[in-house]
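J.: In case you want the letters, here they are:
Protein chains: 4
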Amino acid sequence: MDYMYGPGRNHLFVPGPVNIPEPVIRAMNRNNEDYRSPAVPALTKTLLEDVKKIFKTTSGTPFLIPTTGTGAWESALTNTLSPGDQIVSFLIGQFSLLWIDQQQRLKFNVDVIESEWGRGANLEILASKIAADTAHTIKAICIVHNETATGVTNNLAQVRKILDHYGHPALFLVDGVSSICALDFRMDEWGVDVALTGSQKALSLPTGMGIVCASPKALEASKTAKSVRVFFDWNDYLKFYKMGTYWPYTPSIQLLYGLRAALDLIFEEGLDNVIERHSRLGKATRLAVEAWGLKNCTQKEEWFSDTVTAVVVPPYIDSSEIVRRAWKRYNLSLGLGLNKVAGKVFRIGHLGNVNELQLLGCLAGVEMILKDVGYPVKLGSGVAAACAYLQNNIPMIASRI
Amino acid sequence: MDYMYGPGRNHLFVPGPVNIPEPVIRAMNRNNEDYRSPAVPALTKTLLEDVKKIFKTTSGTPFLIPTTGTGAWESALTNTLSPGDQIVSFLIGQFSLLWIDQQQRLKFNVDVIESEWGRGANLEILASKIAADTAHTIKAICIVHNETATGVTNNLAQVRKILDHYGHPALFLVDGVSSICALDFRMDEWGVDVALTGSQKALSLPTGMGIVCASPKALEASKTAKSVRVFFDWNDYLKFYKMGTYWPYTPSIQLLYGLRAALDLIFEEGLDNVIERHSRLGKATRLAVEAWGLKNCTQKEEWFSDTVTAVVVPPYIDSSEIVRRAWKRYNLSLGLGLNKVAGKVFRIGHLGNVNELQLLGCLAGVEMILKDVGYPVKLGSGVAAACAYLQNNIPMIASRI
Amino acid sequence: MDYMYGPGRNHLFVPGPVNIPEPVIRAMNRNNEDYRSPAVPALTKTLLEDVKKIFKTTSGTPFLIPTTGTGAWESALTNTLSPGDQIVSFLIGQFSLLWIDQQQRLKFNVDVIESEWGRGANLEILASKIAADTAHTIKAICIVHNETATGVTNNLAQVRKILDHYGHPALFLVDGVSSICALDFRMDEWGVDVALTGSQKALSLPTGMGIVCASPKALEASKTAKSVRVFFDWNDYLKFYKMGTYWPYTPSIQLLYGLRAALDLIFEEGLDNVIERHSRLGKATRLAVEAWGLKNCTQKEEWFSDTVTAVVVPPYIDSSEIVRRAWKRYNLSLGLGLNKVAGKVFRIGHLGNVNELQLLGCLAGVEMILKDVGYPVKLGSGVAAACAYLQNNIPMIASRI
Amino acid sequence: MDYMYGPGRNHLFVPGPVNIPEPVIRAMNRNNEDYRSPAVPALTKTLLEDVKKIFKTTSGTPFLIPTTGTGAWESALTNTLSPGDQIVSFLIGQFSLLWIDQQQRLKFNVDVIESEWGRGANLEILASKIAADTAHTIKAICIVHNETATGVTNNLAQVRKILDHYGHPALFLVDGVSSICALDFRMDEWGVDVALTGSQKALSLPTGMGIVCASPKALEASKTAKSVRVFFDWNDYLKFYKMGTYWPYTPSIQLLYGLRAALDLIFEEGLDNVIERHSRLGKATRLAVEAWGLKNCTQKEEWFSDTVTAVVVPPYIDSSEIVRRAWKRYNLSLGLGLNKVAGKVFRIGHLGNVNELQLLGCLAGVEMILKDVGYPVKLGSGVAAACAYLQNNIPMIASRI
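If you read the sequences in order, they're chains F, Y, G and D.
Be aware that the first sequence starts at 508, since it is given in my numbering, and climbs by one per residue.
Be aware that the second sequence starts at 508, since it is given in my numbering, and climbs by one per residue.
Be aware that the third sequence starts at 508, since it is given in my numbering, and climbs by one per residue.
Be aware that the fourth sequence starts at 508, since it is given in my numbering, and climbs by one per residue.
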């Protein structure tokens, strides 16, 4: 019972949902359980403690919400802000755009700082706005750490510096959907107030769990935030945390055990090694793109993303055709160009529990597709460039030495 | 990696999450997929078409939302109503209470009709209110079809009759969380405007999908409803339905395939046969309770629930101790008494993909536990009463004749 | 993709293959692996060490052979005996009969000691034969520890006593297919030379692994045994054991991980507790049979089996009809009567990873079926008798106290 | 619970056990069942009918034996031959050597025709022997269709021609372990008398099922064959086939459902397309080897294998080190060189449910390893050569057009 089955393994290189490792699939292969028995709280307790590590926070309070990234956004905003609040938000691609759309529909007063797609958040404008806001009317800065549509990573440490420089008390809300657990992310060090991700991204789980982490300051803000909320209300969770039963409504038993397994794998590999692996995969992909003679949608090295690469195709090629052929002929799943870059870029997601040889299979596939659609690529060129780098940099697998 | 493992199979008789049948577990045992490939929309299309059958609607529009029942409630309310709207709601147990709490927090003006816990919705009072409301200020009637805390099933056909009798245009919103797919439910015939359930109930899936179905009148109402909503906004779904890509944000691939398998099993058995099976299980449970000399929390036969039975224990027994022992000694999961009936009732959930012999194992277990806690039950009495009925009524398994 | 699906869970009470616990199903839910990598030998090493514990041996050498119980028999015989060798074998039911058939076809000179079906091995005759055999022409005693067709457990300690009493050097070969891991079995203490079981019995795995354990004396015998053998030759294993690669041919990766999980569960529960649980299940079943007014096929208490109970039906009932109805109407799988007792007995298997409430569901089912086929059973009577015993004897689940 | 886990997916390119496709893993993810219920025979019936298609036979009788390839060999030999029978066998690599060892230990009189490893069976010598054997003392020709150790495919049609040319009645026994379901194999057309394979090879299942198919002439031979056999005796199967219960002893329920799923996938793709896919994979691998400047162990194109390629390394490199590094650094599983070619070749298995991009990932990995061990490979060269061919030859995926 597969829809449109193809022989061999599907090569899943969209930037989410990503490949689930077998041990996680196994952990979720189970019947339901009574979530009010002592077992589920005992399990949950370990998850809440351990999930903080992937945010690099000790002071944060995590929430494992049965929702998607979109719901996690809503949770972050409605628990900390009130309708009419002024917030600053950066529009740099499709996902930041969608978040801004949500912010506006939730009735916040959004001051949008727009960049060309392919560029990072304009932090100079932010600095000037913060400098000017001596009255502290700006209640929050909302920023996407890694814009999945363009493969752009923003400099969060710099945002914190700006706020600190001006002693500005705005909340610092971060979408870490395609960064947390894959890119360097430091909630406590960077003074992030709410950070969030989705289970189907670097954690390599199925979709269905929005993971939101709130700083003490964010929790404090939630006491006075007037946005109407029930399902997403942190307070309902906090009440059950206190009781030790943890769940205001039914969680997915399977995702809880899946998260346990996913965290175990990450800690076994070492979170820093996981991040290092993503760095290798990102670098290898960019070297291949360069070897193909194609442009990275991301305009400067400082914004290069180690979880997704958006590749610009020549004007005479429709990038959607590349994605279609990848799936129809090679059982390869690539990401489409979205909105402004539709037809102009295709995306290679290289995040989650994936290794170098998987990526190289994908890159070899992309080369053939490029040829299919009439781009004069030298077959093997991208793979060669990636291999040259990887062969020098892949470490031994720790458990096998 | 189980928390607090016990030998043999866990006997899961809480009224949700319920036992997942093996074919559904199998269907979900899979890697992620690109939800933007042609395969996922093709699958989704079949689901949206087929899921209408379990609501018995042809004119309704279903939404498969990555959320729980609580989120499904919020979706029903915020898409059809505006803050300040007057609604009538029935308080008859813990879940109707929670829904009312949500209605109030979402800023509706809730007129609560309360019944003693163990009794159904007071439809006479409803009738008088509807009769009096000639100005049609009441915008919606909110009712829980089956109150899971007390095992009470309300008469939805009667609600429709009252509204029709007075020609009242109020929306008719129904929580079918512990009824749909198990009890007789007729969305079109009863003129229900929004009906909803959760995947972990009679559909026998993991938690994580709120299934909401909207009548044309509800969809019309959503165009003017002023409740703030983004994640739960039907309109975002409708836009993607039109495009044929179906998903405004990432669905759980596993739950989609799981729902496909769950629906296939239900249709193979026959929805009416599924409902008939629940009727047998409910009747058998009530006969056992009677044989034990205990009282059903539900005060009248007209409200007896075929999906959950709340059993009243004598005053000298703490029903929570029964639930604890069930789990600690017999690997049996029963439902606690909640709120007003905490300590006073325990609950046997008999919904979802479960058969008679599974129930009889549970009933035998309950008998031993009753004895454990000092209730002078005659061992075997409940099982005998249940068997006497079942032996005359279980049909042959169609595929095996 | 189930053949002849029925709603709810199949109640599997044949005496093998038995219910596989979820953690074992999970452990086997995996891709293949290279069995020549360092990982598989590392895993195998732990299995060979730990599997000895279920035989209660420290001096034995185990073999995990990709075969069934029938193959394990052949392995035991051909590695220790030569064509023409005289052996003593007991015919007490269908499985001992099949083993004897194999012994004869393998060209041994089999001296068969027959008992009425329902009685144990006649050890008095054995004693007289051993006493008479001062020339030590008898090379081996072959005995089924637990005859699965009649539910008869033989007294192995007594066999050892007889051999020791006469100082007879015959090899002591034991079929422990439906006993090991469920009944008290002591390879070293009882001086068993070859003991064997199959994965699908008390270990609660799928079929496919024959587990054979050889004493030093049996290994010594294998050096001169002249039976032709290749696939079943222990020597091929021993060569690979020495090399540390363990496998002369490809093992099932899934069964290796499954065995690891199965052993882990057994050790977590405690082997003695596992045996105790089987004792409870056997006793409870026999009490039910008695309450129904039916006879146990096993004629004396000393032979009662704690893993399978063969129930004699009145002459006017065809026991096969009971088994057919169980499956067709109640989704219950019972064991047929075999050969001499075909139509006369049906069998309840109560072995493996199964608990008391599962058994009680089965017993309730049997009561209804007995009524279906015209036997005047008092519904609830068997369950009552079983519960009366179990309620006093089930321990708390260790992990949940 | 993985032994020596590494991040990302294991790249399994040993020539068996091979990658199991997800739909097959899913189909096997199940509890045990009573194999004497009507469901298992109903399932078995479809398997026996359909498995004949992968042998391209209509007159053959298949046996699904719970064993490995080694056991399947023994089944083929002992059912058709008597000790002392003269047979002709070809020694061309490790697996033909092991089969010959078995033939000798089973007491047949084996006339071995040896070839240099890397060359195919010497059919000229066969022809001369057959020509000379006018007395028809040769009872059987035993040949490995595809020698997995060297990647050599023998010409079976030619063997048949030789036998026919001389009107020689010898049985024609074929080991198709690494060929059937992947290479062109025509049991009826080539007059093969016994053909066999193992589940873990091109069928892409776990190990544990030996699949043996016997021609009418082989069945006839089995009536007089005097080799001692019980577990492997076809006659026991045939008796149960007649009764319609099919199984003389317990089969693996999981492998039966797995085989059903595996056959369904093969028929969905089309057996000829499956063979074509293997042809592409084999050709692509050989082109890569050539581009690397390395030699194929197989000395002539007529013997090139499309399921496994043995690559000869320069004398200054130890091929075992390549296999070790593949696993330790790249999570890639390659095949060791065996026996005579140990240290001299490594093997790439490209059989079973695997696609082109998977292979390209493997080839890219091999390039890096070659560099690791000091071979001056041009990175990307093999992938380029493979892609140049594949890009012109991969068909669209039928279900996705």
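The hints are simulated quantities; they were obtained by calculation from the structure and are not laboratory data.
Among these hints, one or two may not hold up.
In silico DSSO-like links for lysine-lysine, alpha-carbon gap of 30 angstroms or less [to be verified]:
#1 Y:Lys878 - Y:Lys802
#2 G:Lys878 - Y:Lys802
#3 Y:Lys668 - F:Lys614
#4 F:Lys724 - F:Lys749
#5 F:Lys851 - Y:Lys802
#6 Y:Lys668 - Y:Lys560
#7 F:Lys885 - D:Lys749
#8 Y:Lys885 - G:Lys885
#9 D:Lys835 - G:Lys749
#10 G:Lys733 - D:Lys614
#11 D:Lys878 - G:Lys749
#12 D:Lys835 - F:Lys560
#13 Y:Lys851 - Y:Lys835
#14 D:Lys749 - G:Lys835
#15 D:Lys885 - F:Lys790
#16 F:Lys885 - D:Lys614
#17 D:Lys733 - G:Lys733
#18 F:Lys885 - D:Lys790
#19 D:Lys847 - G:Lys614
#20 F:Lys878 - D:Lys878
#21 G:Lys560 - G:Lys790
#22 F:Lys724 - Y:Lys724
#23 Y:Lys552 - F:Lys730
#24 G:Lys847 - D:Lys749
#25 D:Lys552 - D:Lys749
#26 D:Lys730 - D:Lys746
#27 F:Lys847 - Y:Lys746
#28 D:Lys807 - D:Lys563
#29 D:Lys790 - G:Lys724
#30 D:Lys885 - G:Lys847
#31 G:Lys749 - D:Lys885
#32 Y:Lys746 - F:Lys749
#33 G:Lys885 - G:Lys802
#34 D:Lys790 - F:Lys835
#35 G:Lys835 - D:Lys552
#36 F:Lys851 - Y:Lys668
#37 D:Lys847 - G:Lys749
#38 D:Lys885 - F:Lys802
#39 Y:Lys802 - Y:Lys746
#40 Y:Lys835 - F:Lys746
J.: Each hint needs a verdict: does it hold in this structure or not?
T.: Structure-based check of each hint:
In summary, the hint linking Y:Lys878 to Y:Lys802 is supported, as the alpha carbons are separated by about 16 angstroms, within the 30 angstroms threshold. A distance of roughly 29 angstroms separates the Cα atoms of G:Lys878 and Y:Lys802; the hinted pair therefore holds under the 30 angstroms criterion. Restraint check for Y:Lys668 and F:Lys614: the C-alpha separation of about 40 angstroms exceeds 30 angstroms, so the hint is violated. With a C-alpha separation of about 19 angstroms, the suggested pair F:Lys724 and F:Lys749 falls inside the 30 angstroms cut-off, and the hint holds.
Restraint check for F:Lys851 and Y:Lys802: not satisfied, since their Cα atoms lie roughly 69 angstroms apart, outside the 30 angstroms limit. For the suggested pair Y:Lys668 and Y:Lys560, the alpha carbons sit about 23 angstroms apart, so the restraint of at most 30 angstroms is met. Taking the CA atoms of F:Lys885 and D:Lys749, the gap is about 62 angstroms. The hint is violated against a cut of 30 angstroms. Simply put, Y:Lys885 and G:Lys885 have alpha-carbon atoms about 15 angstroms apart, close enough for the 30 angstroms limit, and the pair holds.
At most 30 angstroms may separate the alpha-carbon atoms for a hinted pair to count; D:Lys835 and G:Lys749 meet this at roughly 24 angstroms. For the suggested pair G:Lys733 and D:Lys614, the alpha carbons sit about 12 angstroms apart, so the restraint of at most 30 angstroms is met. Distance restraint check for D:Lys878 and G:Lys749: the Cα-Cα separation of roughly 34 angstroms exceeds the 30 angstroms cut-off, and the hinted pair is therefore not satisfied. Only pairs whose Cα atoms come within 30 angstroms are accepted, and D:Lys835 paired with F:Lys560 is accepted, the gap being roughly 28 angstroms.
For the suggested pair Y:Lys851 and Y:Lys835, the alpha carbons sit about 20 angstroms apart, so the restraint of at most 30 angstroms is met. Our distance criterion of 30 angstroms between C-alpha atoms is met by D:Lys749 and G:Lys835, whose separation comes to about 24 angstroms. As the CA atoms of D:Lys885 and F:Lys790 are separated by approximately 20 angstroms, the hinted pair is consistent with the 30 angstroms bound. Using a Cα cut-off of 30 angstroms, the hinted pair F:Lys885 and D:Lys614 is violated, with the two alpha carbons roughly 59 angstroms apart.
Distance restraint check for D:Lys733 and G:Lys733: the Cα-Cα separation of roughly 17 angstroms lies within the 30 angstroms cut-off, and the hinted pair is therefore satisfied. Of the pairs offered as hints, the one joining F:Lys885 and D:Lys790 holds, with about 20 angstroms between alpha carbons and a cut-off of 30 angstroms not exceeded. Taken as a hint, the D:Lys847 and G:Lys614 pair is broken in the structure, with Cα atoms around 39 angstroms apart against an allowance of 30 angstroms. Taken as a hint, the F:Lys878 and D:Lys878 pair is honoured in the structure, with Cα atoms around 28 angstroms apart against an allowance of 30 angstroms.
Taking the CA atoms of G:Lys560 and G:Lys790, the gap is about 25 angstroms. The hint holds against a cut of 30 angstroms. With a C-alpha separation of about 44 angstroms, the suggested pairing of F:Lys724 with Y:Lys724 is violated against the 30 angstroms cut-off. For the suggested pair Y:Lys552 and F:Lys730, the alpha carbons sit about 42 angstroms apart, so the restraint of at most 30 angstroms is broken. Under the criterion of a C-alpha separation no larger than 30 angstroms, the hint pairing G:Lys847 with D:Lys749 is consistent with the structure, at around 21 angstroms.
Taken as a hint, the D:Lys552 and D:Lys749 pair is honoured in the structure, with Cα atoms around 12 angstroms apart against an allowance of 30 angstroms. Among the hinted pairs, D:Lys730 with D:Lys746 is consistent with the structure: their alpha-carbon atoms are about 13 angstroms apart, no more than 30 angstroms. As the CA atoms of F:Lys847 and Y:Lys746 are separated by approximately 19 angstroms, the hinted pair is consistent with the 30 angstroms bound. The suggested pairing of D:Lys807 with D:Lys563 holds, with an alpha-carbon distance near 27 angstroms, which does not exceed 30 angstroms.
Between D:Lys790 and G:Lys724 the CA atoms are separated by roughly 54 angstroms; this puts the pair beyond 30 angstroms, and the hint is violated. Distance restraint check for D:Lys885 and G:Lys847: the Cα-Cα separation of roughly 74 angstroms exceeds the 30 angstroms cut-off, and the hinted pair is therefore not satisfied. Straight-line distance between C-alpha atoms of G:Lys749 and D:Lys885 comes to about 41 angstroms, which puts the hinted pair past the 30 angstroms bound. Restraint check: the Cα-Cα separation between Y:Lys746 and F:Lys749 comes to about 41 angstroms, which exceeds 30 angstroms; the hinted pair is violated.
Of the supplied pair hints, the one linking G:Lys885 and G:Lys802 holds, its CA atoms being roughly 15 angstroms apart against a limit of 30 angstroms. Proposed proximity of D:Lys790 and F:Lys835 is supported: the alpha carbons are some 22 angstroms apart, at most 30 angstroms. With a C-alpha separation of about 20 angstroms, the suggested pair G:Lys835 and D:Lys552 falls inside the 30 angstroms cut-off, and the hint holds. Restraint check for F:Lys851 and Y:Lys668: the C-alpha separation of about 58 angstroms exceeds 30 angstroms, so the hint is violated.
Proximity of D:Lys847 to G:Lys749 is assessed by CA-CA distance (about 21 angstroms); at most 30 angstroms being required, the pair is judged to hold. Between D:Lys885 and F:Lys802 the alpha-carbon distance is near 25 angstroms, which keeps this suggested pair within the 30 angstroms criterion. As the CA atoms of Y:Lys802 and Y:Lys746 are separated by approximately 51 angstroms, the hinted pair breaks the 30 angstroms bound. Between Y:Lys835 and F:Lys746 the alpha-carbon distance is near 26 angstroms, which keeps this suggested pair within the 30 angstroms criterion.
Consistency with the previously given hints fails for numbers 3, 5, 7, 11, 16, 19, 22, 23, 29, 30, 31, 32, 36, 39, ordered from lowest to highest.
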